[in-house]
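Since chain A is already given, all that's left is putting chain B on it; use the hints.
Chain by chain, the residues run as shown.
There are 2 protein chains.
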Amino acid sequence: MAKGLSRLYTQRAKEVQASAIREICKLVTKKEIHSMAGGWPDPKIFPAEEIREIAFKVLTDYPELALQYGPSEGLPALREELARWTASRDGISCTPDNILITHGSAQGMELAAKVLIEPGDVAFVGLPTYFGGTGACQTFGAELVGIPLDDEGMIPEALAERIEEIHSAGKRTKLIYVIPDFQNPTGATLPVERRMRIVELANEYDLAVVEDNPYRNLCFAGEPLPPLKAYDTEGRVICLRSFSKIFCPGLRLAFTIAEEDMIRRMVIARQFEDCCSNMLGQYILLEFISQGLLDEQIKKNCQYYKEKRDILLASLERHFPKTVQWNRPDGGFFIFVHLPDNLDSEELLCDAVDRNVAFVAGAPFYVDGRGRNTFRLSYAQSDKHTIEKAVAVLGHLIKERTAEEREEKK
Amino acid sequence: MAKGLSRLYTQRAKEVQASAIREICKLVTKKEIHSMAGGWPDPKIFPAEEIREIAFKVLTDYPELALQYGPSEGLPALREELARWTASRDGISCTPDNILITHGSAQGMELAAKVLIEPGDVAFVGLPTYFGGTGACQTFGAELVGIPLDDEGMIPEALAERIEEIHSAGKRTKLIYVIPDFQNPTGATLPVERRMRIVELANEYDLAVVEDNPYRNLCFAGEPLPPLKAYDTEGRVICLRSFSKIFCPGLRLAFTIAEEDMIRRMVIARQFEDCCSNMLGQYILLEFISQGLLDEQIKKNCQYYKEKRDILLASLERHFPKTVQWNRPDGGFFIFVHLPDNLDSEELLCDAVDRNVAFVAGAPFYVDGRGRNTFRLSYAQSDKHTIEKAVAVLGHLIKERTAEEREEKK
Numbered sequence: 003m004a005k006g007l008s009r010l011y012t013q014r015a016k017e018v019q020a021s022a023i024r025e026i027c028k029l030v031t032k033k034e035i036h037s038m039a040g041g042w043p044d045p046k047i048f049p050a051e052e053i054r055e056i057a058f059k060v061l062t063d064y065p066e067l068a069l070q071y072g073p074s075e076g077l078p079a080l081r082e083e084l085a086r087w088t089a090s091r092d093g094i095s096c097t098p099d100n101i102l103i104t105h106g107s108a109q110g111m112e113l114a115a116k117v118l119i120e121p122g123d124v125a126f127v128g129l130p131t132y133f134g135g136t137g138a139c140q141t142f143g144a145e146l147v148g149i150p151l152d153d154e155g156m157i158p159e160a161l162a163e164r165i166e167e168i169h170s171a172g173k174r175t176k177l178i179y180v181i182p183d184f185q186n187p188t189g190a191t192l193p194v195e196r197r198m199r200i201v202e203l204a205n206e207y208d209l210a211v212v213e214d215n216p217y218r219n220l221c222f223a224g225e226p227l228p229p230l231k232a233y234d235t236e237g238r239v240i241c242l243r244s245f246s247k248i249f250c251p252g253l254r255l256a257f258t259i260a261e262e263d264m265i266r267r268m269v270i271a272r273q274f275e276d277c278c279s280n281m282l283g284q285y286i287l288l289e290f291i292s293q294g295l296l297d298e299q300i301k302k303n304c305q306y307y308k309e310k311r312d313i314l315l316a317s318l319e320r321h322f323p324k325t326v327q328w329n330r331p332d333g334g335f336f337i338f339v340h341l342p343d344n345l346d347s348e349e350l351l352c353d354a355v356d357r358n359v360a361f362v363a364g365a366p367f368y369v370d371g372r373g374r375n376t377f378r379l380s381y382a383q384s385d386k387h388t389i390e391k392a393v394a395v396l397g398h399l400i401k402e403r404t405a406e407e408r409e410e411k412k
Numbered sequence: 003m004a005k006g007l008s009r010l011y012t013q014r015a016k017e018v019q020a021s022a023i024r025e026i027c028k029l030v031t032k033k034e035i036h037s038m039a040g041g042w043p044d045p046k047i048f049p050a051e052e053i054r055e056i057a058f059k060v061l062t063d064y065p066e067l068a069l070q071y072g073p074s075e076g077l078p079a080l081r082e083e084l085a086r087w088t089a090s091r092d093g094i095s096c097t098p099d100n101i102l103i104t105h106g107s108a109q110g111m112e113l114a115a116k117v118l119i120e121p122g123d124v125a126f127v128g129l130p131t132y133f134g135g136t137g138a139c140q141t142f143g144a145e146l147v148g149i150p151l152d153d154e155g156m157i158p159e160a161l162a163e164r165i166e167e168i169h170s171a172g173k174r175t176k177l178i179y180v181i182p183d184f185q186n187p188t189g190a191t192l193p194v195e196r197r198m199r200i201v202e203l204a205n206e207y208d209l210a211v212v213e214d215n216p217y218r219n220l221c222f223a224g225e226p227l228p229p230l231k232a233y234d235t236e237g238r239v240i241c242l243r244s245f246s247k248i249f250c251p252g253l254r255l256a257f258t259i260a261e262e263d264m265i266r267r268m269v270i271a272r273q274f275e276d277c278c279s280n281m282l283g284q285y286i287l288l289e290f291i292s293q294g295l296l297d298e299q300i301k302k303n304c305q306y307y308k309e310k311r312d313i314l315l316a317s318l319e320r321h322f323p324k325t326v327q328w329n330r331p332d333g334g335f336f337i338f339v340h341l342p343d344n345l346d347s348e349e350l351l352c353d354a355v356d357r358n359v360a361f362v363a364g365a366p367f368y369v370d371g372r373g374r375n376t377f378r379l380s381y382a383q384s385d386k387h388t389i390e391k392a393v394a395v396l397g398h399l400i401k402e403r404t405a406e407e408r409e410e411k412k
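Each protein sequence line maps, in turn, to chains A and B.
Position one of the first sequence corresponds to residue 3 (our numbering), numbered consecutively onward.
Position one of the second sequence corresponds to residue 3 (our numbering), numbered consecutively onward.
Next comes chain A alone, as it looks inside the complex (with noise of 0.2 Å):
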């Protein structure tokens, strides 16, 4: 009989608790799920057929490079390619020192964490914010300070008035968090007032931001703003980026921008962890940037979703009631719903589960714990009658559940 290993686990290993999203996208692979949780992509807009052809060209013709090992900063070429593509994209100058090609983008969440962060270490985070960078800081000791949002996401008075008080406590403060692009999970986009503002207050507290912007190229009128690594004149910004939204998401395939010694120590870090990013992907990816697909299939993907956003929100005016409310987002793939107080979105997870809807529950995206009240919906992954059944089924539940809670009150 096994006793085991648990003894000997880390105190924190026995803490940490799984990602909601991750677990309920175990759930996903049951076919009859009509799922609006996971951030995944629709494999319909995948661009197979390219990728077919690309993979067979890389392994006709330079098969001893894409099957071996590489270097732990990534392929120089596709280096190169995304120092370029980011420069002519984003207004961010940078050379091939300043990225980091990560197996994902949370790999470089992760990276950045382990470089930056010891136990203790003040991280300053979106309530709500995505559990996956939170989820990073803690594995290495951070504690959470939420700074509220609104409908322009991060608010930067909030966040001084925080650094403020946390910094004259003595505490060692070390990153600010921040979702700008189409935030998950709320959908909301910061202003560029509030961009600057927040690079301006890590330069005053001399502070790293990490800046996770995996739905950047989603967007659905006309071009994002600028990055905050535009208006980074310090080195400070750590920018995370993901080509599993707007290119697929099994070739695991990501880069960061970062300042030259910090990229540096992210490789070292990195040497440790899993020496380097798959080459098959990477040169796949090279080729399928050299032969100017991606700008196409970027058009794509944002007419695509789009079109999905649109019969979201057109299916939550209808099945949805008053009380409850929500956002439009401009670009991603998430709507934030925010049922009325007395409402828990777990239970209604529970009931919807049983009619075989997903989606995910507000509370893990507050560190303070709270947004029982809310719940993510993501359009990504589903087709028109998927979403319209699903939102039917939920704005069901919810009048039913405010039926019984008004009865309740009687």
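I should point out that these hints are in silico values taken from the structure, not numbers from a laboratory.
Where hints are given, some of them may not hold.
Identical chains share a label here; the pair holds if one copy fits it or two copies do between them.
[Stated by the list, open to error] Calculated lysine-lysine pairs in the DSSO-like style (CA-CA distance at most 27 Å, straight line):
| id | residue 1 | residue 2 |
| --- | --- | --- |
| 1 | K5 | K324 |
| 2 | K173 | K5 |
| 3 | K324 | K310 |
| 4 | K173 | K308 |
| 5 | K310 | K401 |
| 6 | K16 | K5 |
| 7 | K46 | K391 |
Quick look at chain B alone, frame taken from chain A:
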């Protein structure tokens, strides 16, 4: 002018040294270098055509799965296949729940360390041993205690003594890190009695064992010995396996075998690290195994690398002076060289690189700072001509330095 983030780095990030191997491997990209350095396999033996055909099939038949996110545990069908494969080849009783697919076996090591190591925890490691393993432990603040090796690998009596000593001193002991087959860097193979004894010691002192075993299937004479995991009655052994050396490294495919709850903890840690392994690679490997190609590929590899070992051994006989010692490994990639005590292998490396020959100096393999007169040669990546030429250059340089030393003594 960028000020950067260096004041915000953790103490550990400031202290950690880059991986000597990963750094040297960057040199190797110079075309004219004859590298005997990295544990990189020879691309000539990669099953490139088979991989190309399979990739084409996978991307034709189910691109929507191969390009999508997957579970953090790994592709379920591949976990099943690997559980079967391991049970039948290695006599380890395991189910898919004991299997975690990782992005290289380095990630398995890193996740195990993340779950087990808190600052000050003691890990027992070989003198010498692979510094990828020790580096991962150090990332989480482990104190490393070196255990001497002889021609048959880690010496259990020495291990028992040191454990008792450290244990009695009241320190928190956590794990034994061991590479039982064709050890890196010494090439030594641990006999069965030693495998059993190490597991017994883990039971006795409540320790985990990390059995790092990437070279296991490159066994040049018959079947390899049963892994430590086969003697594990209490669920203490975490066995790291890799497809980098027997299939190809560029797809970053490896797996960990461990007790179910330990796997679960590693999966949770992974959710905040890189979410999941690349799916295209996992499907390619699954098809490769299902088509019965893996066992055949392993046989080819064994034959191929055995010839290279023989060429290197013959070259060493021919070119190295009698004052130099080395071993005769029964598998894997490495031969470990002992120079006379007064010669320094890092100085030799500088001279060698000037003449376009690279190897890995021994000191980084010794956590106690010894081993300055040792170095590791890999026969994996070089052809016959390169091996001959590199060894001739090294033999010449060693003789030159020996003569100089003699002169100085006079």
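Index of numbered hints that the structure contradicts, given in increasing order: Per hint list: 1 and 4 violated.
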